[in-house]
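Asker: The listed protein sequences derive, respectively, from chains B and P. Per numbering that gives the first Met the number 0, the very first residue in the first sequence carries number 0; after that it's consecutive. Per numbering that gives the first Met the number 0, the very first residue in the second sequence carries number 0; after that it's consecutive.
Incorrect hints may appear among the rest.
Quick list of in silico lysine to any residue cross-link-like pairs, SDA-like style, CA-CA up to 25 angstroms [what the hints assert, rightly or not]: (1) LYS90/B - LEU52/P; (2) LYS397/P - ASN368/P; (3) LYS54/B - THR46/P; (4) LYS90/P - LYS122/B; (5) LYS122/B - SER105/P; (6) LYS17/B - THR45/P.
Keep in mind the hints are simulated off the structure, nothing from the lab.
Protein chains: 2
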Amino acid sequence: MAIVVQKYGGSSVANADKIRNVARRIAEAHKKGNKVVAVVSALGDTTDDLIGLAKQINANPEPREMDLLLSTGEIVSSTLMAMALHAMGFKAVALSGPQAGISTDSSFSRARILGIEPKRIIKEIDKGNIVIVAGFQGMTAEMDVTTLGRGGSDTTAVALAASLKAGICEIYTDVEGVYTADPRIVEEARKLEDIGYEEMLEMATSGAKVVHHRAVELGEVYNMPILVASSFVDTPGTIIHGGKNMEARNKVRGIAHDLDVAKITVTGVPDRPGIAAAIFQPLAKAGISVDTIVQNASANNITDLTFTVSRNDLSKAMSIVKPVAKEIGAKECLSDSKLGKVSIIGTGMQNTPGYAAKMFQTLFEQGINIQLITTSEIRITCIISEDKIKEAVKALHKAFALEQSKAGS
Amino acid sequence: MAIVVQKYGGSSVANADKIRNVARRIAEAHKKGNKVVAVVSALGDTTDDLIGLAKQINANPEPREMDLLLSTGEIVSSTLMAMALHAMGFKAVALSGPQAGISTDSSFSRARILGIEPKRIIKEIDKGNIVIVAGFQGMTAEMDVTTLGRGGSDTTAVALAASLKAGICEIYTDVEGVYTADPRIVEEARKLEDIGYEEMLEMATSGAKVVHHRAVELGEVYNMPILVASSFVDTPGTIIHGGKNMEARNKVRGIAHDLDVAKITVTGVPDRPGIAAAIFQPLAKAGISVDTIVQNASANNITDLTFTVSRNDLSKAMSIVKPVAKEIGAKECLSDSKLGKVSIIGTGMQNTPGYAAKMFQTLFEQGINIQLITTSEIRITCIISEDKIKEAVKALHKAFALEQSKAGS
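With the hints as extra help, turn the sequences into a complete structure.
Answerer: Right, dumping it as structure tokens:
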């Protein structure tokens with residue numbers, strides 16, 4: 000009997016009927032002869048509701064207490080899921096993250112899994128139980144409860160699959176798989192049968208929020224195949240894996256986009272060593288993630304420095320950067336919050352000329368102005384005006400013929 | 000610096016304002032130089048809400064999963080309380096029952112505390128933290144989360160006070176102390192300055208639901224004084240203790256009553272060994288608590304057996320007793336759910352004649368028919384019609400002159 004690890008997100012367990020629906024799916028996998036371990040997120044909006052409750056009491060709650068508070072959401076859903084399985088006549092047991100043996104560091108609100116001791120899970124499987132694990136949480140060596148940050152239940156599932164040597168980690172969600180582009184924007188968008196870890200990582204960090212990128216990273220480290228599929232309908236999903244055929248593919252696999260982009264430009268920056276550190280260290284200390292960074296070629300030892308942050312962080316970032324800019328003798332700080340990014344993603348693109356040119360030509364033909372460009376080995380990203388994003392995604396999908404399964408090259 | 004353990008019930012922490020109010024009270028005790036450990040119950044109706052949620056999924060949930068589910072209620076309130084203290088500028092830390100080192104047996108939903116390892120609590124106190132402990136919960140040796148049953152937070156508080164060698168355990172609630180009778184019924188009811196453990200136990204099990212009886216028992220075992228006082232107003236409460244003067248008191252201390260009484264009578268029972276076991280063993284197995292049991296003197300080897308259960312258990316108890324009654328050749332099973340009990344309580348009553356006679360005479364003068372009588376060393380209880388309870392409590396309070404502080408003898 001193989002061990003199968005499944006994960007169900009918050010929208011899949013939002014109420015009693017949906018919990019019963021998921022319980023039936025878990026039971027199906029069990030009836031097929033698998034040893035099933037299912038990870039669940041908190042019910043629907045529970046996490047946001049708990050955050051709201053905390054903010055009524057303290058505008059800036061301590062992360063340690065916040066994590067202990069938020070961990071209750073997944074405990075509630077895991078116990079209800081076990082109860083639903085009992086009601087259907089199956090043996091099941093609910094385990095909190097600590098009970099499941101998930102050890103983390105003590106970075107509250109974004110803890111990293113240090114290891115899993117699956118003794119208890121194996122004991123319960125051996126007793127014939129379906130094991131339901133509360134996602135998103137673990138415990139430090141000091142017995143403090145931690146959470147893994149948003150999307151943490153995906154990470155829990157992949158880490159459990161790796162430590163239990165499962166054949167596959169199945170992530171069930173409210174979409175049917177990974178698409179060549181957002182189907183709400185591109186009608187012809189096609190569901191991919193499979194995708195490589197690196198490609199999926201670029202898709203995830205470029206705006207395709209299907210699986211959390213930490214889960215994909217972990218999948219890659221342990222070479223654990225991840226199935227992404229719908230928890231509502233029975234259609235084949237997308238398998239994220241690291242097959243050998245990946246390397247040779249050399250084609251665009253998908254278009255990702257993200258509307259959560261704000262840009263800060265510091266103009267008239269003296270071009271001398273230490274300037275970048277002076278600007279980015281205080282941002283890092285304030286916990287602000289900087290995405291793209293571009294520095295224009297210097298003339299007369301004066302340069303312009305541009306970088307992007309998420310929109311939520313813009314005002315905080317500006318309040319940090321402005322005094323620094325003054326101190327280092329820069330000219331001014333400009334910001335623009337109405338931006339988006341669009342990316343083409345595919346293994347081997349960098350080694351094959353023509354992708355970037357085709358992308359820029361396509362955007363030009365639509366009359367879309369490119370503000371910033373960044374590239375990785377398998378991704379080219381353009382930052383453009385927010386109101387042009389849909390148009391750009393559609394045009395690029397068509398230009399690379401992604402509606403055809405053998406296309407994209 | 001003395002360690003003070005405080006406990007706040009669910010109605011004292013029902014919303015953000017009330018949580019802040021309790022946080023101020025905890026902070027006051029801390030500012031007086033005490034090392035404060037505060038135990039909190041779940042917010043308002045949380046426990047009932049979680050039970051409702053579970054019943055939507057499974058009419059008969061597994062106790063293990065139910066306990067894990069219910070334990071989240073007190074974790075939420077303990078974290079919010081710590082956050083409220085942080086917002087007021089105090090150092091505080093929230094601990095779940097397991098983190099606080101509370102070990103229990105594995106009788107889910109009514110677990111008994113086996114021991115407390117207060118290492119973590121002491122470490123946090125030494126760091127200058129106010130420690131907030133989630134009440135009502137603990138952990139088995141297998142790391143399963145348990146709950147202590149209704150009123151369990153009182154038990155948590157007294158057990159913590161004992162293990163930390165606190166000077167006193169303060170239980171703050173929505174009443175101002177222990178009264179000579181329910182003040183909603185008897186206008187002249189007087190708040191007692193102090194009361195003995197045994198007397199309080201009889202009060203608690205006879206319907207005065209101020210402190211849970213298990214907490215009082217534990218207080219007696221460890222000789223831990225328990226203060227019962229209001230969490231809303233600053234008036235002196237009642238101290239439950241075991242002073243030497245208790246023994247010699249010889250007077251009625253209070254009148255307790257309980258409306259949750261149902262009676263089952265099995266008539267025409269053959270009076271032979273094993274009959275009582277045949278009836279009460281299946282009830283015990285079904286988890287039904289039987290309160291009073293009375294068997295009338297036997298004539299012709301035929302007897303009537305009467306016992307009381309709580310009203311909730313009546314229909315289940317009848318369905319168990321009826322077939323047994325038939326099997327053992329009894330005549331019939333009768334039930335009455337419209338009963339109540341009224342008790343007079345005081346140390347040393349049994350050694351002093353006249354209390355029982357005065358009680359029966361008082362009820363007779365009110366035209367109240369007594370259906371059953373039971374006594375303990377320090378209590379006399381009469382079971383009477385539900386609609387006569389108020390009248391009986393008022394008349395007995397007056398007859399024993401409980402409105403006068405030196406009276407009752």
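Asker: Hint by hint, note whether the structure agrees.
Answerer: Do the hints match the structure? See the list:
1. The hinted pair formed by LYS90/B and LEU52/P meets the criterion: a straight-line CA distance of about 20 angstroms does not exceed 25 angstroms.
2. At most 25 angstroms may separate the alpha-carbon atoms for a hinted pair to count; LYS397/P and ASN368/P meet this at roughly 19 angstroms.
3. Using a Cα cut-off of 25 angstroms, the hinted pair LYS54/B and THR46/P holds, with the two alpha carbons roughly 22 angstroms apart.
4. With a C-alpha separation of about 40 angstroms, the suggested pairing of LYS90/P with LYS122/B is violated against the 25 angstroms cut-off.
5. Taking the CA atoms of LYS122/B and SER105/P, the gap is about 17 angstroms. The hint holds against a cut of 25 angstroms.
6. The hinted pair formed by LYS17/B and THR45/P meets the criterion: a straight-line CA distance of about 22 angstroms does not exceed 25 angstroms.
Checked against the numbered hints above, the structure breaks only hint 4 and satisfies the rest.
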